[in-house]
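J.: The primary structure of each chain is shown beneath.
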Amino acid sequence: EAGVTQFPSHSVIEKGQTVTLRCDPISGHDNLYWYRRVMGKEIKFLLHFVKESKQDESGMPNNRFLAERTGGTYSTLKVQPAELEDSGVYFCASSQELNTEAFFGQGTRLTVV
Amino acid sequence: DQQVKQNSPSLSVQEGRISILNCDYTNSMFDYFLWYKKYPAEGPTFLISISSIKDKNEDGRFTVFLNKSAKHLSLHIVPSQPGDSAVYFCAGRFGNEKLTFGTGTRLTIIP
Chain P
2 EAGVTQFPSH SVIEKGQTVT LRCDPISGHD NLYWYRRVMG KEIKFLLHFV
52 KESKQDESGM PNNRFLAERT GGTYSTLKVQ PAELEDSGVY FCASSQELNT
102 EAFFGQGTRL TVV
Chain W
14 DQQVKQNSPS LSVQEGRISI LNCDYTNSMF DYFLWYKKYP AEGPTFLISI
64 SSIKDKNEDG RFTVFLNKSA KHLSLHIVPS QPGDSAVYFC AGRFGNEKLT
114 FGTGTRLTII P
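Keeping their order, the protein sequence lines are chains P and W. Following our numbering, the numbering of the first sequence begins with 2 at its first residue and continues without gaps. Following our numbering, the numbering of the second sequence begins with 14 at its first residue and continues without gaps.
It should be emphasised that the hints constitute simulated quantities derived from the structure, not laboratory data. Just so you know, not all the hints are guaranteed correct.
[As the list claims (entries may be wrong)] Pulled from the structure, derived: some chain W residues nowhere near chain P, Cβ distances all over 10 Å:
1) V17
2) F59
3) D68
4) A83
[Unchecked claim] Which residues of chain W face chain P? A few of them, derived with a C-beta cut under 10 Å, are:
5) L47
6) P57
7) E71
8) R74
9) P95
[Claimed, not checked] Keeping only pairs whose Cα atoms sit at most 35 Å apart, straight-line, the calculated DSBU-like set for lysine-lysine is:
10) K16/P to K81/W
11) K81/W to K45/P
12) K79/P to K69/W
13) K79/P to K18/W
14) K67/W to K42/P
15) K79/P to K67/W
16) K16/P to K69/W
17) K67/W to K55/P
18) K81/W to K79/P
19) K45/P to K67/W
20) K42/P to K69/W
21) K45/P to K84/W
22) K18/W to K55/P
23) K84/W to K16/P
24) K16/P to K79/P
25) K18/W to K42/P
26) K52/P to K84/W
27) K18/W to K16/P
28) K67/W to K16/P
29) K18/W to K52/P
The beta carbon of each residue, even a glycine, is placed where N, CA and C say it ideally should be.
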């Protein structure tokens with residue numbers, strides 16, 4: 002069974018540009034989460050989808066971040082326009098049931114220069 | 014406000030000895046705690062968890078202890094092996110809500 006996959010693994014963009022990160026959860030997992038880790042700090046929650054609906058987006062930093070999960074399968078996280086402080090590793094995770102552990106992807110390392 | 018704290022950024026332990034990783038939390042609403050392990054360039058992988066109604070959970074070489082009155086949990090690894098070298102994250106959860114992670118502790122096992 003394939004795990005959570007994220008694309009790209011690395012992205013270097015200039016300040017002001019747009020970047021779109023993609024996450025493919027484990028097949029059949031209704032719950033999809035986005036997290037971010039800024040250098041050396043904690044892994045911080047961004048948002049949670051249940052199927053295609055946003056269950057909790059309280060962690061989204063600002064309106065430059067837009068997450069979608071059309072059809073309840075893969076998800077995208079778009080940052081537009083990117084700022085220097087958006088640099089970090091973006092993790093996606095999925096789980097089948099709400100009270101079970103989440104499986105994480107390998108992350109996308111975003112560097113804004 | 015950091016609700017989950019891992020005050021030791023790094024820890025070195027001799028192979029074969031016990032590794033003890035500590036975690037403190039401030040949110041008394043957390044009813045479930047998890048430990049994740051992370052290797053470089055990989056995502057965190059689930060290691061072990063404990064419900065707030067228990068004070069100990071054991072899985073092979075890994076044991077998690079929870080002290081609710083002190084709002085403290087610890088992960089014990091016995092015996093420590095070189096493959097255990099990684100960053101360990103503690104996380105708390107309330108009900109069906111999101112995971113709240115600590116900053117991680119880098120464990121290095123010395124052969």
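J.: Output the indices of the hints that this structure fails to meet, ascending.
T.: 1, 2, 7, 8, 9, 10, 12, 15, 16, 18, 23, 28
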